[in-house]
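Protein chains in written order, with the working numbering: chain Z, 1 to 221; chain Y, 1001 to 1221.
Don't read these hints as lab results, they were simulated from the structure.
Be a bit skeptical, because a hint or two may be false.
Computed footprint of chain Y on chain Z, listed as stretches where at least three residues anywhere in the stretch have a Cβ under 8 Å from a Cβ of chain Y [unchecked claim]:
| # | stretch |
| --- | --- |
| 1 | 44-53 |
| 2 | 123-135 |
| 3 | 147-159 |
| 4 | 171-178 |
| 5 | 212-218 |
Ideal Cβ positions, reconstructed from N, Cα and C, are used throughout, including at glycine.
Take a look at the letters that make up each chain.
There are 2 protein chains.
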Amino acid sequence: MLQVATPFAHPAKNPPLPGARTPQVSFKTQMLQAREDAIVEAANRLLAEKGFDLMTMDQVAANVGIAKASLYKHFSSKEQLAAAGMVRVLGQAQDFLATLPTRAAPLDQLKAVVRWMMLARLAGRMPSLPSENSTLRAALLASNDYLDALMRVSDQIGSWIEAAQANCTLSARLPPLLVLYTLYARACDPVPEFLKLGGQHSDEEIVQLVLSTCFDGLNAR
Amino acid sequence: MLQVATPFAHPAKNPPLPGARTPQVSFKTQMLQAREDAIVEAANRLLAEKGFDLMTMDQVAANVGIAKASLYKHFSSKEQLAAAGMVRVLGQAQDFLATLPTRAAPLDQLKAVVRWMMLARLAGRMPSLPSENSTLRAALLASNDYLDALMRVSDQIGSWIEAAQANCTLSARLPPLLVLYTLYARACDPVPEFLKLGGQHSDEEIVQLVLSTCFDGLNAR
DNA sequence: GTCTATAAATAGATAGAC
DNA sequence: GTCTATCTATTTATAGAC
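Using the sequences and the accompanying hints, generate a full structural model.
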């Protein structure tokens, strides 16, 4: 669990070289970027709704309003597109982490992260990638963008876990990796969705209930 | 959360009618049943390994050693086969419930059930059905065998939840349905698998760790 | 880079002989 | 009921004109 300094949340993909003339970002390039953003956003909506296997490139194309062949000019495969979706969400997570007050208690930081993940999922903005699909897993592990983004987020969360354990607010008997996995797993937990289907609770109530089971456990105290 | 008396774990599919001559179970019928069992077992292995969407009927047929067309003489669709797999597992769960000592503390009963689920999953015997797939969900909700088996197990677990809350060993502030879902969710939790991939813990250790996060929570006590 | 049209591969399901 | 062979639909991905 390595702590990495992350002075800025989203380093620009092609930052201007120091001393170089600021490159004129052509209108065409801007449009291209916007189009790619729209594609990834549509893909993430579908990934959240149906998962990787049931999402089809036809659906993505239809959602964006372009031809399927055009998708492949931006992303070479379905796996690459899903990876871009994960990178996007990890970037959003990083942006959220940057908004948290630096001096708050580490345990509260962790709760805030989990809360953010569950709300994103309930809002249909959290792509759900099956852990079993080998072609997808291979593509993710081969994507430096993905691994970088994941590591940045994991390092930040990991440092909070260590701090909270040193703090004695988080159980020190649990391996930090177990805690990290347990927190990440809230992003694919079916419980919030089932509770939502029941219609008895608001999204915020659902989040509070699941947060309680996660941090306080099921036992009576 | 209705408690239902379940005097026997597995009622025979076609119990002899009272007063009727015990039907001679022909050798052929026995073989047929055994074949179907083998099909469902193979399907469950594949469902546990790859999930519903990635499992193909060709793979099932190859695993059993029969032609794909023969599968369809036993099960009219992939969804029906998966439903039969779930009924099988629910039957195994029911058998396990029947072995638990009747007088044990309800909280311990619940822990024992979760432990059984996680061990079954780590052993590759727990089919993982995606909650999103609508054709599958429809087939499950249309299957009386499935709904019956699910209700039997849920009633038993639900009665323990109520008892444990009355007992003050389980947090009384949590809606029983939330507790039930949280326990069921251990059957599709990715955390045990990830820990297993790490290679640092035995299956039993993994189960104990996840049991601890589930019942004790992440907070220090 | 976007489109239409199509290739190539795969999967669920069925036909029909035995 | 089991087999081989096939149908039909779907899906990923590409070809080639503009």
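Flag every earlier hint the structure violates by its number, smallest first.
Hint 3 alone not satisfied by this model.
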